[in-house]
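S.K.: Here is how the chains run, residue by residue.
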Amino acid sequence: MMAEQTVAERTITLEVFRYRPEQESEPTFQTYEIPYREDWVVLDALNYIKDSVDGSLTYRWSCRMGVCGSCGMMVNGVPKLTCSTFLKDYYPHPIRIEPLANFPVARDLAIVLDDFMAKLVHVRPWIIRRQEEPLEAGEYRQTPEELDRYKHFSMCINCMLCYAACPIYGLEPEFVGPAAIALAQRYNLDSRDQGGRERMGILSTHEGIWACTLVGECTTVCPAEVDPAGAIQQAKLASALGWLRRVLVPWGNK
Amino acid sequence: MRAYSRPTEFNWWLTNRTYFFFVVRELTSVLIAAYMVFLLVLLRRLAAGPEAYAAYLRFLGSPGMLLFHLAALAAALYHSITWFRLAPMAITLRVRGRRVPGATVVAANYAAWLVVSLVVAWIVLRS
Ligand code: SF4
Ligand code: FES
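Protein chains in written order, with my numbering: chain P, 1479 to 1732; chain W, 189 to 315.
For the record, the hints were derived by calculation from the structure and aren't laboratory data. All values reported here derive from a predicted model rather than from experimental measurement. Keep in mind that a hint or two might mislead.
[What the hints assert, rightly or not] Residues on chain P that point at chain W, a partial pick, calculated with CB under 8 Å:
| no. | residue |
| --- | --- |
| 1 | P1582 |
| 2 | A1689 |
| 3 | T1691 |
| 4 | V1727 |
[Said to hold, decoys possible] Per label pair, the in silico range of CB-to-CB distance:
| no. | chain 1 | residue 1 | chain 2 | residue 2 | range |
| --- | --- | --- | --- | --- | --- |
| 5 | P | R1723 | W | V225 | 42 to 52 Å |
| 6 | P | T1491 | W | A191 | 40 to 50 Å |
| 7 | W | R232 | P | E1504 | 51 to 61 Å |
From the three backbone atoms N, C-alpha and C, an ideal C-beta is built for every residue, glycine too.
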């Protein structure tokens, strides 16, 4: 007999949020006791449940390596990428898994993302030129220093952990929110972009940067080190300075 | 598809340390605003003449006002310290192409605070 088979199998308990709109109007929690493996992440545990216990469990994932941003869930109340959250950090205590907070739930652990998608387009996260150069003019060049100014804001994987961590977004769903503002700021800081004023008109509103009261949790939970809280505060500073300049130098109009 | 929207719980700010510190920081603004009102009243009393001012100063010695001042001081300290801790998020300075580290930004804020306090102390204590 092989040694490892004699060892009584260790297990871990998962309390999983279930919502099946066709059969229930309120969500419930379902408890699964599954084998515990030291090298498993929460996503492995969910995959185990789906493959061997309950095929009806619904959740999103793809890359399993913190790149695609689709496996975000609340793990014991904290927004996490479940593919990089190890069971061993919770064992032997049970783990409670819920869909990302502040979003409507489509089914079980899958949230509805439409609101973010609309907001993302709204802030115009692409390079805006007053006039496009002809193709023959060649590419828009950029120095490494210029790239450095916005690079970390461009690392966003749209995982929505920051929205789930933001109490302002929970209380005021109109708030454009951390990731969308960080992406807008990424283009504002891009030396090739000329759409800063246009974008600031959208951002410098009550639903935009001024809704943020700097809780800072978005930056704490971000798995890609985007620092969305920093992006928002920098946009606030830029907007305030722009306003000051318009008031002090009205003829400047720049 | 019938999506389920979860209501925000009333006690959301007790579920996480950062939320708690944040809400307390927002609440300290009330005391700071109250202190501003106090300063305005003080100015009015001063404008109303030496007698009114002296009477107001006596009122300031009462335990209630003392308590208010201590509370306002605590609120201002809490507010400033938690803000300074967040300052590196808002201020990204570059010196010769390198980003100034967050700790330096925080230290600069404290240094500025110290300088302003010294100037105020000098003005007040000079006479
Ligand atoms: S900013 Fe960070 S936490 Fe927010 S969506 Fe992008 S990667 Fe996720
Ligand atoms: S599965 Fe892609 S980020 Fe987790």
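S.K.: None of the hints should be skipped; say for each whether it holds.
M.R.: Status of each hint after checking the structure:
With its C-beta approaching chain W no nearer than about 4 Å, P1582 (chain P) sits inside the 8 Å limit, and its interface hint holds. Using the Cβ-Cβ criterion of 8 Å, the hint placing A1689 (chain P) at the interface with chain W is not satisfied: the shortest such distance is roughly 14 Å. Among the interface hints, the one on T1691 (chain P) holds; its C-beta lies about 7 Å from the nearest C-beta in chain W, closer than the 8 Å criterion. With 8 Å as the threshold, the beta carbon of V1727 (chain P) stays out of range of chain W, its nearest partner Cβ sitting at about 23 Å, so the hint is violated.
For R1723 (chain P) paired with V225 (chain W), a C-beta distance near 32 Å fails the hint of 42 to 52 Å. Between T1491 (chain P) and A191 (chain W) the beta carbons are some 28 Å apart, a value that contradicts the proposed interval 40 to 50 Å. Here the CB-CB span from R232 (chain W) to E1504 (chain P) is close to 58 Å, well matched to the stated 51 to 61 Å.
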